[in-house]
Amino acid sequence: MLLHIDNDHNRFRQIIKGKIKENLRKYISQGEMVGRKGKDLISIPLPQIDLPRFQFGDNGQGGASQGDGEPGDPLGGDPGDGGAGEAGNQPGQHLREVELTLEELAEILGDELELPNIQPKGKKEIISKKDRYTGISRVGPESLRHFKRTFREALKRQIISGQFTYERPHIVPIREDYRYRSWKTTKLPESNAVIIYMMDVSGSMWDEQKHIVRLETFWIDTWLHYQYKGVATRYLIHDAQAGEVDRDTFFSVRENGGTVISSAYELCAKIMQENYPAEEWNIYAFHFSDGDNWSREDNKLCAEILREKILPKVNLFGYGQVESTYGSGEFIDFLDENITGFDNLVLSYIPDKDSIYDSIKDFLGKGK
Amino acid sequence: MQTLTEKDVLSIQPEIEKIAAQYGLDYFPIIFELVDYDTMSQLAAYGGFPVRYPHWRFGMEYDQLSKGYRYGLQTIYEMVINTNPCYAYLMRSNPLVDQKLVMAHVYAHCDFFKNNYYFAHTNRKMIDEMANHAIRVRRHIDAHGLDTVESFIDTCLSIENLIDYHSPYIRRQAGKKEPEQTAPRKAVKKLRSKKYMERYINPPEFIEAQMKELEKQQVDHRALPEKPERDVLFFLMEHAPLQNWQHDILGIIREEAYYFAPQGMTKIMNEGWATYWHSTMMTEKLLHPSEVIDYAEHHSGTIANHPGRLNPYRIGFLLFKDIEERWNKGRFGKAYEECEDILAKKHWDTAAGLGRQKIFEVRKLYNDITFIDTFLTEDFCREHKLFSFAYNKSNKQYEIESREFKTIKQRLLQNLTNLGQPIISVIDANFQNRGELLLQHQFEETELDKNYAADTLKNLQAIWKRPVHIQSILEERPVLWSFTGEEFKQTWISGN
Chain A
556 MLLHIDNDHN
566 RFRQIIKGKI
576 KENLRKYISQ
586 GEMVGRKGKD
596 LISIPLPQID
606 LPRFQFGDNG
616 QGGASQGDGE
626 PGDPLGGDPG
636 DGGAGEAGNQ
646 PGQHLREVEL
656 TLEELAEILG
666 DELELPNIQP
676 KGKKEIISKK
686 DRYTGISRVG
696 PESLRHFKRT
706 FREALKRQII
716 SGQFTYERPH
726 IVPIREDYRY
736 RSWKTTKLPE
746 SNAVIIYMMD
756 VSGSMWDEQK
766 HIVRLETFWI
776 DTWLHYQYKG
786 VATRYLIHDA
796 QAGEVDRDTF
806 FSVRENGGTV
816 ISSAYELCAK
826 IMQENYPAEE
836 WNIYAFHFSD
846 GDNWSREDNK
856 LCAEILREKI
866 LPKVNLFGYG
876 QVESTYGSGE
886 FIDFLDENIT
896 GFDNLVLSYI
906 PDKDSIYDSI
916 KDFLGKGK
Chain B
37 MQTLTEKDVL
47 SIQPEIEKIA
57 AQYGLDYFPI
67 IFELVDYDTM
77 SQLAAYGGFP
87 VRYPHWRFGM
97 EYDQLSKGYR
107 YGLQTIYEMV
117 INTNPCYAYL
127 MRSNPLVDQK
137 LVMAHVYAHC
147 DFFKNNYYFA
157 HTNRKMIDEM
167 ANHAIRVRRH
177 IDAHGLDTVE
187 SFIDTCLSIE
197 NLIDYHSPYI
207 RRQAGKKEPE
217 QTAPRKAVKK
227 LRSKKYMERY
237 INPPEFIEAQ
247 MKELEKQQVD
257 HRALPEKPER
267 DVLFFLMEHA
277 PLQNWQHDIL
287 GIIREEAYYF
297 APQGMTKIMN
307 EGWATYWHST
317 MMTEKLLHPS
327 EVIDYAEHHS
337 GTIANHPGRL
347 NPYRIGFLLF
357 KDIEERWNKG
367 RFGKAYEECE
377 DILAKKHWDT
387 AAGLGRQKIF
397 EVRKLYNDIT
407 FIDTFLTEDF
417 CREHKLFSFA
427 YNKSNKQYEI
437 ESREFKTIKQ
447 RLLQNLTNLG
457 QPIISVIDAN
467 FQNRGELLLQ
477 HQFEETELDK
487 NYAADTLKNL
497 QAIWKRPVHI
507 QSILEERPVL
517 WSFTGEEFKQ
527 TWISGN
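These protein sequences, in sequence, are chains A and B. Residues 556 to 923 (this note's numbering) make up the first sequence, in order. Residues 37 to 532 (this note's numbering) make up the second sequence, in order.
Honestly, I wouldn't trust all of these hints.
Stated by the list, open to error - Beta-carbon label-pair distances, calculated as ranges:
hint, chain 1, residue 1, chain 2, residue 2, range
1, B, Lys432, A, Trp761, 38 to 46 Å
2, A, Gln569, B, Gln393, 30 to 38 Å
3, B, Ile171, A, Lys703, 50 to 58 Å
4, B, Tyr153, A, Glu654, 38 to 46 Å
5, A, Glu654, B, Gln433, 24 to 32 Å
6, B, Lys54, A, Arg693, 56 to 64 Å
If you're looking for bench data, these hints aren't it; they were derived computationally from the structure. Computed from a predicted structure; not experimentally measured. All C-beta atoms, glycine included, are put in the ideal place defined by N, C-alpha and C.
Excised from the complex, chain A in its bound form (with noise of 0.2 Å):
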């Protein structure tokens, strides 16, 4: 049967990615997304997509059903259909889900804030290695004897030797019955980007300034994943000294010490050093922090740092200041005035939660 629904159904699609589209700054600064990200789908809360109809408010209309329960008792469940009628008291129904691949997403971000392509340097590609399973061998480890075939050859050795018999159906596999299962090796082209991401969590970094940080990241990862083939992630957090942590500690730790930012520069600088040599891997490192650093001296460390250990050797270093009521923020003026000649340091403002917008093209959109 031929059915046109494909048509429709890309339609559809277009449909949607336009309504994302148009609402991407509100998207991007509510970070109604960030929460909803499944391995390689994210599903969005999409308003008026629906047709929409004269149609009754959700509260209000009452319905017959089916069950115990006394007058009083609160329904089990949603009402849903509201009875036989199809009545739309459905609390909610605006709001409809759509799926979208984070490819798809990428995509649209790209488009909506102009983003140019990132051209890797480097090798092209890494190659790494991966074995599977696929076919069938007559050598091997026993380990991996294929146990079913084996059984199978020797049925068919025996019936056509005539050894087998219906009635003492004893099947005997000798050596070239065996048959053990092989693998076939595919080469794969592997991560050949890392984002360094670090974050100043000291006292004065308070929660709707991580919350900034978090929505930073989630698009910058969203937009360097679908630029490169696979990107490895670190993240490092500071107060006075720097560390390495996982994801989720990054993202809720909370320290109540002082600012040292060298600290982070100088740990940033190890890790590149001593895993990601410059003329191999795509380095992209982001550093958020309020701009409140400990002393002056620091500041000189952290740009000399900057200059001669990072800034040669990354694709791009972000520094992303948020607002905060303590401390001076000075930090990224310093790095303004004191940091010339390299196009490859951006510095980003993001005083609130609407700024995360420009400030990601900021970051993003110099195509490095």
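Model the placement of chain B on the given structure of chain A, informed by the hints.
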């Protein structure tokens, strides 16, 4: 389990058909097709028709249905459409016992389509008609562009429920007679003259011409519409400033809405009838002993009770069973109704044996509203634990409201009235003497959803071109919602 071939399944059709005929079911020829879940989802998205006009909404339905199946949330067992011959699609992956049950179910559906009065006016060649619609819409798209046509279809679909569900069965305007001139004719203004000059100053031709002018004025000033018009789509087709292609599309949407309407009006009966017959045919004739467990599981799934929701399969099935029993035992009529001896009533059995005959009559003459109104009894409600629920505003949840027969029945009928949608009619096409369109929501108990109303008015305005309004009740006060073409406004109506 081995997948069934087309042949395996179709080979049982003659047997089922024979049994259905023996029971007295009267159906169109049925053509079964086996399809996989993806095709089934596509068909279901298209409302069962293989060819529909292009529109993203079908894609959206498909998206949901196919996901629902893939995630194991729902399965469509069959899809049957009201045409002659009748097409029915079966899910290929189902085991044979399910196919039997579903086929029996389909025969009853088809019998219902053919014989129920509310389907009498539907087009039985709808497959062709839908295909024609598709061709026409595609032509309009070629001529005017996809975006233009699609957004107009969106607009029309947004008001597709504003039709008069009963109009196919009655004549609203008897013969469209010219209204009798009961109103006293206004006297023609004569020019002043002396009596002897009368013939020259007001000659008969002049009087005649004046008279005609007057009459014309009266016709022009007649209210439009004369009576509130429930078929808003029809009214728009007649009176809205539409281009030819727009007129054609609005007509297509309206025709399809009327075609699907009877299925909404007989959901409980139709499913109840089909369930009654699959259970009867399976248990009495078709079931192989080895299939009993599978059958029982499937059947109990069909008529399962979902808390907070009335399962139309269940309630319809139980009511048909109940009617059959009552008419078999003679539990109807004056003598039974007036009997006050509970014991006598409980054991009442005149061996009337009229059950089968009665349910066939019911399936012919009733729709869901009249079905519930006539056959839902107090005993039935008690026996099957029916209750009514309502929204409790103080603690914001739905609660069991009552177990009283009267309330339950009222709630049920309320939900079924106008397919559970607000009753809306056009009452004035020249509102405020400015050619603005005024609709009225016939308020019963429930308010309209304001956001939806605003968006719908916007669509309506796109068709009418002049401002549009709807009168309703909000927070127990009369309210007028308007869309002027630029903005949505809410005004309280004071006075009356």
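- Item | Which numbered hints fail | Per hint list: 1, 2 violated.
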